[in-house]
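Those protein sequences? They're chains B and X, same order as listed. For the first sequence, position 196 (counting from the first letter as 1) is numbered 196 according to this note's numbering, and the numbering increases by one without interruption. For the second sequence, position 10 (counting from the first letter as 1) is numbered 10 according to this note's numbering, and the numbering increases by one without interruption.
I should point out that these hints are in silico values taken from the structure, not numbers from a laboratory. All the given hints hold, so there is nothing to weed out.
Pair ranges (Cβ atoms, derived):
(1) X:Asp57 x B:Gly89: 32 to 40 Å
(2) X:Lys198 x B:Gly138: 38 to 46 Å
(3) B:Lys28 x X:Lys92: 42 to 50 Å
(4) B:Pro51 x X:Met159: 18 to 26 Å
(5) B:Lys271 x X:Leu188: 46 to 54 Å
(6) B:Lys7 x X:Asp49: 55 to 63 Å
(7) X:Met159 x B:Glu22: 27 to 35 Å
(8) X:Asp49 x B:Glu22: 38 to 46 Å
(9) B:Gly39 x X:Asn212: 48 to 56 Å
Note that CB positions come from ideal geometry on N, CA and C, so glycine has one too.
The primary structure of each chain is shown beneath.
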Amino acid sequence: MIKFINKGNNDTRSGFGAGLLELGRTNKNVVALCADLTGSLKMNEFKNEFPNRFIQVGIAEANMMGIAAGLTIGDKIPFTGTFANFSTGRVYDQIRQSIAYSNKNVKICASHAGITLGEDGATHQILEDLGLMKMLPGMTVINTCDYNQTKAATIEIAKHFGPVYLRFGRPKVPNFTPEKQNFIIGKGVKLINGNDVTIVSTGHLVWQSIIAANELSNQGVKADVINIHTIKPLDKQIILDSISKTNCIVSCEEHNIIGGLGESISRLIVKNILCPMEFVGVNDTFGESGKPEDLMKKYKLDSENIIKKCKKVISRKK
Amino acid sequence: MKKLEDLVFQIRRDIVRMVNEVNSGHPGGSLGCTEFFIVLFFKIMNRRDDFDMNGKDEDLFFLSNGHISPVYYSTLARAGYFPVTELNTFRKINSRLQGHPTTHEGLPGIRIASGSLGQGMSVAIGAAISKKLNNDRNIIYSLHGDGELQEGQNWEAIMFASANKIDNIICTIDYNQKQIDGDLKEVLDLGDIPQKFKSFNWHVIKLLDGNNLKKVEEALISAKKLTGNGKPVAIIMNTIMGNGVDYMMGSHKWHGVAPNNEELKIALDQNPETLKDY
Numbered sequence: 001m002i003k004f005i006n007k008g009n010n011d012t013r014s015g016f017g018a019g020l021l022e023l024g025r026t027n028k029n030v031v032a033l034c035a036d037l038t039g040s041l042k043m044n045e046f047k048n049e050f051p052n053r054f055i056q057v058g059i060a061e062a063n064m065m066g067i068a069a070g071l072t073i074g075d076k077i078p079f080t081g082t083f084a085n086f087s088t089g090r091v092y093d094q095i096r097q098s099i100a101y102s103n104k105n106v107k108i109c110a111s112h113a114g115i116t117l118g119e120d121g122a123t124h125q126i127l128e129d130l131g132l133m134k135m136l137p138g139m140t141v142i143n144t145c146d147y148n149q150t151k152a153a154t155i156e157i158a159k160h161f162g163p164v165y166l167r168f169g170r171p172k173v174p175n176f177t178p179e180k181q182n183f184i185i186g187k188g189v190k191l192i193n194g195n196d197v198t199i200v201s202t203g204h205l206v207w208q209s210i211i212a213a214n215e216l217s218n219q220g221v222k223a224d225v226i227n228i229h230t231i232k233p234l235d236k237q238i239i240l241d242s243i244s245k246t247n248c249i250v251s252c253e254e255h256n257i258i259g260g261l262g263e264s265i266s267r268l269i270v271k272n273i274l275c276p277m278e279f280v281g282v283n284d285t286f287g288e289s290g291k292p293e294d295l296m297k298k299y300k301l302d303s304e305n306i307i308k309k310c311k312k313v314i315s316r317k318k
Numbered sequence: 001m002k003k004l005e006d007l008v009f010q011i012r013r014d015i016v017r018m019v020n021e022v023n024s025g026h027p028g029g030s031l032g033c034t035e036f037f038i039v040l041f042f043k044i045m046n047r048r049d050d051f052d053m054n055g056k057d058e059d060l061f062f063l064s065n066g067h068i069s070p071v072y073y074s075t076l077a078r079a080g081y082f083p084v085t086e087l088n089t090f091r092k093i094n095s096r097l098q099g100h101p102t103t104h105e106g107l108p109g110i111r112i113a114s115g116s117l118g119q120g121m122s123v124a125i126g127a128a129i130s131k132k133l134n135n136d137r138n139i140i141y142s143l144h145g146d147g148e149l150q151e152g153q154n155w156e157a158i159m160f161a162s163a164n165k166i167d168n169i170i171c172t173i174d175y176n177q178k179q180i181d182g183d184l185k186e187v188l189d190l191g192d193i194p195q196k197f198k199s200f201n202w203h204v205i206k207l208l209d210g211n212n213l214k215k216v217e218e219a220l221i222s223a224k225k226l227t228g229n230g231k232p233v234a235i236i237m238n239t240i241m242g243n244g245v246d247y248m249m250g251s252h253k254w255h256g257v258a259p260n261n262e263e264l265k266i267a268l269d270q271n272p273e274t275l276k277d278y
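Modelling step: build the complete structure from the supplied sequences, incorporating the hints.
Below you can see the structure in the form of structure tokens.
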């Protein structure tokens with residue numbers, strides 16, 4: 001059993017801020033835009049070091065997306081920063097026409113995604129953003145799991161030409177992936193090997209999946225755990241290879257089960273290897289106010305539910 | 001001006017023939033903006049012959065009200081961006097000339113998709129900032145419908161541009177006072193548009209006859225002189241919807257309706273062929 005060491009809790013948004021700062025130093029074409037949430041997005045260091053390449057648009061996200069699209073004409077690589085809700089649902093048509101359909105090299109960076117935004121409640125807790133973004137042709141969709149991975153992803157997406165949606169969160173969560181990592185867009189990461197059940201997880205649920213796999217292992221059940229940071233394009237091979245030995249799968253995400261990672265995987269298995277599947281995610285409801293950890297428990301986005309779903313899916317195997 | 005006058009007739013012919021051929025499209029606004037497009041592309045803009053998406057070291061143009069694509073396509077073709085014969089593919093399957101302009105099919109001259117209204121000014125501002133960051137002193141031009149100003153995103157952009165001293169941009173508003181459902185004043189009165197831009201701290205030029213080549217040129221030259229002064233520039237351009245085709249002039253009914261074959265003949269009779277039809 002591989003041990004994953006939490007090198008100290010940290011927030012994924014700080015990983016974004018650190019990655020953006022590094023990009024500012026290494027790529028003069030990187031420009032950052034923010035809609036009055038510079039502190040929340042951890043963009044202050046970039047702003048202070050590169051004031052000419054930082055654009056404060058005020059509380060006007062639609063305008064921000066349009067300006068970002070225009071900046072690409074002239075070779076700039078704009079990174080927009082606001083909460084996930086205001087990065088997607090609020091500006092869907094601007095992204096659709098001016099960025100996705102126009103194939104502009106804009107990086108839409110979205111913090112405070114999902115229910116772990118916590119106390120602000122459902123107006124701010126978007127659980128539909130992965131679905132909205134993955135439906136746009138040509139959009140790359142990434143949901144990172146910890147500080148180190150978010151930093152690596154932020155740096156990597158600047159090298160990729162095309163629109164990208166990068167989703168991360170607010171709370172401090174375990175930082176367990178390597179500080180130096182080779183982040184490859186569209187490539188899943190195998191965390192734990194096992195033959196009994198496949199767990200495919202994204203974002204904050206990856207750490208919960210590791211906890212669940214450890215507990216299952218203690219009970220004699222060996223889980224194959226995959227960290228899928230890129231929702232689109234999905235790493236089909238790593239998932240198919242895994243279920244061809246486990247014959248069952250559980251998807252885990254801090255998102256509505258409608259439209260999320262699990263839905264993409266279910267399409268994959270229906271077309272390739274039929275096997276039982278269970279979903280850990282929010283079941284078509286809005287969120288509510290509360291502490292992130294309490295909400296994760298209430299909405300069954302925790303290791304306990306992952307274990308339950310694993311046992312259920314194994315029992316469905318013929 | 002002879003050559004430009006020839007272009008006026010020819011582009012009007014292109015517009016009505018394109019929309020008639022597919023029995024769809026937007027002739028009214030296209031005809032109303034014909035003189036503007038001709039002066040901008042053939043007299044004012046510093047353009048490179050080859051098309052490059054990044055548009056470095058040249059002036060750029062963005063069409064926000066993408067539904068007047070017929071005049072845009074005809075102008076681009078007549079300016080040499082793609083073969084004039086391609087106008088015959090407008091709105092047909094497998095064409096680069098989509099109903100509304102797009103970069104998706106790789107048509108030279110187009111740098112952004114437009115059609116869903118209210119987005120073009122933000123894009124133009126982004127391109128203007130990009131020019132400043134690149135120390136490129138060329139100018140960004142954009143065109144917007146008057147009805148389009150009902151979209152709230154414009155006012156975010158208008159506010160941003162003056163607050164951030166985006167002074168390398170000239171936004172023209174096609175003030176034909178008509179929209180699909182009727183007169184602007186009846187659908188949603190925008191009040192005093194020049195005054196609104198002024199109160200947002202823009203330079204404002206009122207162009208009272210946007211269908212007069214000379215007046216359009218004078219207005220654009222004046223606007224150019226106002227750039228680089230710490231403020232964005234707006235031209236409020238009065239035009240007549242459907243200009244040049246008598247039965248279309250001044251009526252909102254021709255906003256999004258194509259002439260039938262008989263109507264086309266009348267329109268063509270009023271605008272003799274000058275530079276050869278496509």
